[in-house]
Amino acid sequence: MRTTLLLTVLLTPFATLAAPPSAPFKNVTMISKRQAPTKPQPCQPISPEPTYNQTEARFNDFANQFIVLKNITAAFAYIEEGYINHDPYAQNGFDSAWNILSPIWGSQSITVLGTAFNGTQGWLHYTDSYGTVVDRYRWDGGCIAEHWDQGETFPS
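Heads up, the sequence shown is in my numbering, so the first residue is 1 and it goes up one at a time.
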């Protein structure tokens with residue numbers, strides 16, 4: 001009798017470990033799904049056209065959200081639906097860019113090397129897990145309308 005009681009007391013913790021997860025652990029998948037970035041609505045061009053200073057301010061916020069804070073949701077709020085992507089490995093359009101970047105962007109280790117804005121063009125210069133990157137963006141109506149990242153050089 002004492003042996004049975006002693007074994008029950010000693011083995012109960014192991015039975016608990018072998019039991020199916022309790023309620024708090026069932027939500028682990030739901031928590032990670034909630035942490036996935038939220039896809040924003042594409043940018044709607046502003047009319048009348050924003051001034052140079054307003055567009056530069058929008059570019060600066062985009063740059064901060066995208067490569068400093070890595071807040072892809074806030075950054076993508078500046079990209080218009082018909083976004084033209086000159087990257088040969090990507091298709092045109094807001095959805096294509098979102099589908100490529102949103103799953104990986106938060107895990108990128110980014111070092112900002114510089115940003116620049118001139119006319120309707122903005123440049124981001126940074127390193128990430130793929131190497132050194134120079135992205136060039138054309139702005140139209142306060143939105144990013146076009147993107148290049150192949151063979152681009154950062155303006156001096």
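Please keep in mind that the hints were generated in silico from the structure rather than gathered at the bench.
All values derive from a computational prediction rather than experimental measurement.
Among the hints, erroneous ones may be present.
Pair by pair, the computed Cβ-Cβ distance ranges are [said to hold, decoys possible]:
(1) 36 to 120: 29 to 39 Å
(2) 91 to 51: 13 to 23 Å
(3) 152 to 68: 33 to 43 Å
(4) 153 to 61: 18 to 28 Å
Each residue gets a CB set at the ideal place from its N, CA and C atoms; glycine is no exception.
Next item on the list: Mind checking the hinted window 13 to 23 Å against the Cβ distance between residue 91 and residue 51?
Entry: violated, 32 Å
Practice task
Take the C-beta atom of residue 36 and the C-beta atom of residue 120, compute their distance, and say whether it sits inside 29 to 39 Å.
Solution key: holds, 33 Å
Checklist line | Satisfaction of the hinted span 18 to 28 Å by the C-beta atoms belonging to residue 153 and residue 61 | finding: Given a distance of about 24 Å, which is inside 18 to 28 Å, the answer is holds.
* Asked: Is it true that the C-beta distance of residue 152 to residue 68 lies inside 33 to 43 Å, as the hint says?
  -> 20 Å Cβ-Cβ, so the 33 to 43 Å window is violated.
Figure legend: structure checked against the earlier numbered hints; hints not met, in rising order: 2, 3.
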